[in-house]
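Below are the chains, spelled out letter by letter.
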Amino acid sequence: MSKEELEKKAMISLLHIASAWYDQMKSGEIPSISLPSRTKFNIEYDDASEVWKYGDKESMRNAASAKSATHLLKMAYVIGFIKQQLRENRSSTLREMYYISEGWKRAKFGAQDESNYLIEDLEILSDVPREGFHLHPEENGASIYGPMRIREETRRGMKTIHCQDDVGLAGYTIPNSVENIEFVDHDAKFVIAIETGGMYDRLIENGFDEEYHAILLHLKGQPARSTRRMLNKISSNWDLPILAFTDGDPWSYRIYGSVAYGSIKSAHMSELLATPKAQFLGLRPSDIRDYDLPSDTLTEKDIEALRSELTDPRFATDFWRKEINLQLELGLKSEQQAFAAHGLDFVTKKYLPTRLSEMGII
Amino acid sequence: MPQLPRWLRLVLADELAKQQRSISVAEFFEKNKHLLGFDSPTRGVITTIKEAVDNSLDACEEAQVLPDIFISIKKTGNDIFRIIVEDNGPGIVPAQIPFVFGKLLYGSRFHQIRQTRGQQGIGISAAVLYAQLTSGLPSIVISRTGHKEPAYRFEIQIKIETNEPDIIAQGPFEWDRIHGTRVQIEFRSTMAAKKKLLEYLRYTSVVNPHARFRVELDDESFTFERVSQEVIVCPVAIQPHPHGIELGQFKRMTAASNQNLIDFLEEGFSRVGKKTAQDMCDRAGLKSSLKAKGLSADQQKALLAAMQEIAVPAPPTSQCLSPIGEELIRRGLDKEFQMDFVAARTRATSVFSGHPFMVEAAIGYGGKLPAEGNAIILRFANRVPLMYQQGACAITECIANVNWKNYNLSQQGLPMGPVLILVHVASTNVPFTSESKDAIASIPEIEKEIVLALQDLGRELKNFVSRRDKNKLAEDRARAVCAIIPEIAVKVSEIVEKPLVDTSPIEGRLMRKLIAKKWTRDGKVTIELANYSGHEGEISAYDISADNATDAVPKADFVSEMDGQFTKVWKMTIPAKSVWHVSYTGKGGGILEIRGVDDNKKMVVDLDV
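Chains as they are written, first to last, in this note's numbering: chain G, -4 to 357; chain F, 157 to 765.
It is possible that some hints are incorrect.
Computed spacing ranges between beta-carbons, pair by pair [claimed, not checked]: (1) G:LYS52 - F:SER660: 29 to 37 Å; (2) F:GLY679 - G:LYS3: 57 to 65 Å; (3) G:LYS3 - F:LYS733: 39 to 47 Å; (4) F:ARG668 - G:GLU(-1): 47 to 55 Å; (5) F:LYS711 - G:GLU(-1): 53 to 61 Å; (6) G:TYR112 - F:HIS737: 33 to 41 Å; (7) F:ASN530 - G:GLU109: 28 to 36 Å; (8) G:GLU109 - F:VAL646: 50 to 58 Å; (9) G:GLU109 - F:GLY679: 30 to 38 Å; (10) F:PRO655 - G:GLU109: 41 to 49 Å; (11) G:GLU0 - F:ASN530: 34 to 42 Å; (12) G:GLU0 - F:ALA630: 41 to 49 Å.
Don't read these hints as lab results, they were simulated from the structure.
Beta carbons are placed, not taken as given, at the ideal position from N, Cα and C, and that holds for glycine.
Throw the hints in and build the complete structure from the sequences for me.
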C-alpha cells in the first residue's frame, strides 16, 4: 500500500469510528466500541500467514462508567489529533503526542504506556499501522552487521550501504521506518539475532560474521517494531535462516517469541512484524546442564513466568515444554556471557558451530 | 493467701518451706527484671506508666469517680527521666502508703475474684525498685483521702534484702487536690518508645471512654478527652469456683477456715449448695462434719479432686465482669480514629476452667486508616492494652484464622487494607502466656468466642462495604453520563464536522432523577437543573461560592455573605422533563446543594472538577 493510500485508509476508518459515536449519541444511546480482547487467551494461530493473531473474543467498551467514558473521550481526542495531523501533513512521535495531551484536560494521559496502548487500539480498529497516522516511536533502532548491502532513502538522497565495509564497529543502525529500505544483495548463509550487546560485540570481534558468512543483528533486549520488521523483511526478501540467540531465562524466551510469533500486544500486526521461520538457537536450559555453565537460581518471578509460558499457546510445542520443564527442574538460569567461563573463543569456536551444524544450518 | 503466679510460688516455696538460703522477692526481682516488663530502659517507662495508670483507673472505679489522670515525663539529667502520674481517685490512707509503694506483692486485690486491671499488685512497687536500682533516687508519693484530711507526702524505697518499705522522709503536705494520689518516680531510661507510649495511652483511652488523660511529654502536651460521663460500675467480687481453684489456694483457704467441711464448701465457693457439698465430701470419702482446718495433705488432695469431678453450674458472671459495652466501644474508637464505619459486639459471658470471661470486639473501616498494609490490631485484657508480643497472642491467631476474604477484605495471614480490629477479653483471671502479661494464651473457649464475634462483625462490614460500593457505582455512572459523555459529544461533533449532538436524552433515559450541573466557561458560571424524575418538583438551589452573582439571570431569591462566601438561593418549580438555567459572571467552584428532592432522586455534578 502506498503512503497516500495508507493515509487515506487511516482517515476514513478513524472518521468512521467518530461517526458511529455521533450516531449512537444522536439516537440517545451511550457511545460504545468493541475491540478484540488483547490477552494471551485470545491469540490464535493463523495457518495461512503462519503467525499468531487475535481471535474472536471481543471486549466492549462503553461510556457507562467514569473510567471507560474517559477512555472513549481520550480516544476521541486522539482521533481529532490524528485527523488534524494528517490534514496538515505533519508528524509527531508517540512521546510528543503524550505531551500534547497535557492540554486535553480530562482527556490527558496519565502515562505514556496508556497513550501507546490507545494508539495500538486504533491500529487494530482501523487496520492501519501507526505510520499511517504519522506517529513514530522515539526508540532508536537496533544495529546490524554482516555481508549485506541495502539502499536507503535519506535526507541527503539515496545511499547504498554495505553493512561491513561502509559502517563502523557498531554496525548499521536500523531506522524507525524500514518500509523505505531496499534490499540489494548479500553474501550470507544465515542471520543471528542476538539479545545482548556484549555477545553481539564478541561475535564481531571474533570475526564470526566473516568466517561463517553470518549477518549479526543486535536485538537490544525486547526488540522494537522496526527491528522485528527488519528481520521479517530479510527473511521474506532473501529467504535466509533466522536464529535467535538470547539469555537462558523466561524473559529471553519471550524475546524469541515476539520475533518468531509476534507479541501479544501487537498481534494485530503479526503478519508484518513476525518472522515465523525464526528458530531458537539458545541459550537453552539443556545448555546450562550440558556445558556446565555458571548460573543463577531462578527467582519466584522467573518461576511464575516459566509456568505462564507453559500455558502460552505460542510455546505449546514439545521442544519448549521439554526445555521449560527441564529449567524448572534445574531451578537455574544463565546469561549469554556465561560461555566466557570456558574462554572468550568458546562461543564462536565451539558452541555456535556445534549448534549450527546440529540444526543443519552449516 | 493470694493466688500467686507459678514462678512466685516456687520462690516462696524456696523461701518458706525449705528455709535453706532465703531469697527475698525484691532480690529475685532485681535479677529477673524481664519477667515484669523492665527488661529494657525504654520498656521501663511504659511499664511504669501502665502500672500507675492501671492503679489510678481501678481506684477511681472503686470510688465511683470519673477519672482525671495527669501524666508527665520530663528529662531531669543524663538519661534520667522523671515520671509523674496523678489522679483524682479516693487516695490512700497514710499508714498504707509505704506498703503499697515500698513492698512487692502487697495488694488488696489479690484476694478477690473479680475483673481488675492489675491482677498481682506487684506493678507500681516494682517501678519504685527499678528507680532505686537505676537512679538511686527514692520515689515520692503524695496522697489525700478527703477534704477533712491533710495530704501526706512520702519518700520511699524498698529494703531489698527483706522486701520491706524504707521510708526516707514523711509528713503532712499542703496540696490543692481534695482527694487523689500523685506518684513521682525517677529512673534511667530513654524516650525511644515515645510513639509506643502515646499509642498505649490512646488505646487505653479507647477502652476507658469515661476517663480523661492529660499528657506532658517534655514540651509537648496531649489530651485524650472522655466521651462518656457514666461512671463504670465496679465489678463485684465472687467466691472462687470449685473448678477454677488450684491446690495452693485451696490449702490457704482451708488453713484460714474454722468451719466444718460442708459449710466451708457451701460458703467458700460459688454455686456450691448443701447437696453438692455433701456429694463432694462423699466422693472424697470424708465426713462432712470434719473441720476444714484439720485436713491432712492427702485429704486436701482427695477433696480437691472430688470437687473437680462433681458437676457444678458455671460461676455467676453478671457482676464480676465489667464489659465496656458496644455503644461505648464505638464512641471510644470514633474519638481516636476517624473512620467511615465502626461496629462492635459484646458476647455473652462464658466460662473456662471455672473462670468467667467475656469477649468484646469491634471492627472499623475506611476514613483515615492507612489504605495499605496489615489491619491495625488493638488487643485488650481487662481494659488494659496489650502492647507487645502481638504475634504470640491468641487474639492475633484468631484474627488470622478468620477467612476475611469471605467479607471482601484481602488477607495475607492478617486482613489487609483500611481496617481496624479491636478485641477485648475480660475475665476474673485472664490467662496470659507469661508474667509480663503481654499476650493471651490459647484457650479454646476464649478463641471460639473471639472468632464468633469477629465473624459476626465481618458480615456487618461486608454489608456496609457493598452498600457503599453500590452508591459509588451510581455516582460513577452519573459522572460518566452527566460530565464525560457531553465532552465526548463536543469532540466527536467537531471531528465529524456536524452540529453539536444533544446528550440530554441519554441523561434523561439513564438517570430518571433531578440532575443539577454547574460549570464555568469564559468567566460565566452556569447552573442547570434538568428534571428527569417524572414529576414536577418544588426546588431550592443553594449555591455557595466566592461569586456574588449580582448579574444573575434570573436573579437569586436570597443572597447572604459570610467571610467572603456568598450563599445564593433560588426557589422554583420545575415541571417534569423540563430544564431550568441560571448564569452569572464569576469564577465558579464552591458548593451546590439542592433541596426539595429525596437524596436518591437527585444528582449534583460539578463539571469543572
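Taking the hints in turn, this is what the structure says about them:
| no. | hint | result |
| --- | --- | --- |
| 1 | G:LYS52 - F:SER660: 29 to 37 Å | 35 Å, holds |
| 2 | F:GLY679 - G:LYS3: 57 to 65 Å | 43 Å, violated |
| 3 | G:LYS3 - F:LYS733: 39 to 47 Å | 45 Å, holds |
| 4 | F:ARG668 - G:GLU(-1): 47 to 55 Å | 50 Å, holds |
| 5 | F:LYS711 - G:GLU(-1): 53 to 61 Å | 60 Å, holds |
| 6 | G:TYR112 - F:HIS737: 33 to 41 Å | 40 Å, holds |
| 7 | F:ASN530 - G:GLU109: 28 to 36 Å | 31 Å, holds |
| 8 | G:GLU109 - F:VAL646: 50 to 58 Å | 22 Å, violated |
| 9 | G:GLU109 - F:GLY679: 30 to 38 Å | 33 Å, holds |
| 10 | F:PRO655 - G:GLU109: 41 to 49 Å | 31 Å, violated |
| 11 | G:GLU0 - F:ASN530: 34 to 42 Å | 60 Å, violated |
| 12 | G:GLU0 - F:ALA630: 41 to 49 Å | 48 Å, holds |
The structure is inconsistent with the numbered hints 2, 8, 10 and 11, although it conforms to all the rest.
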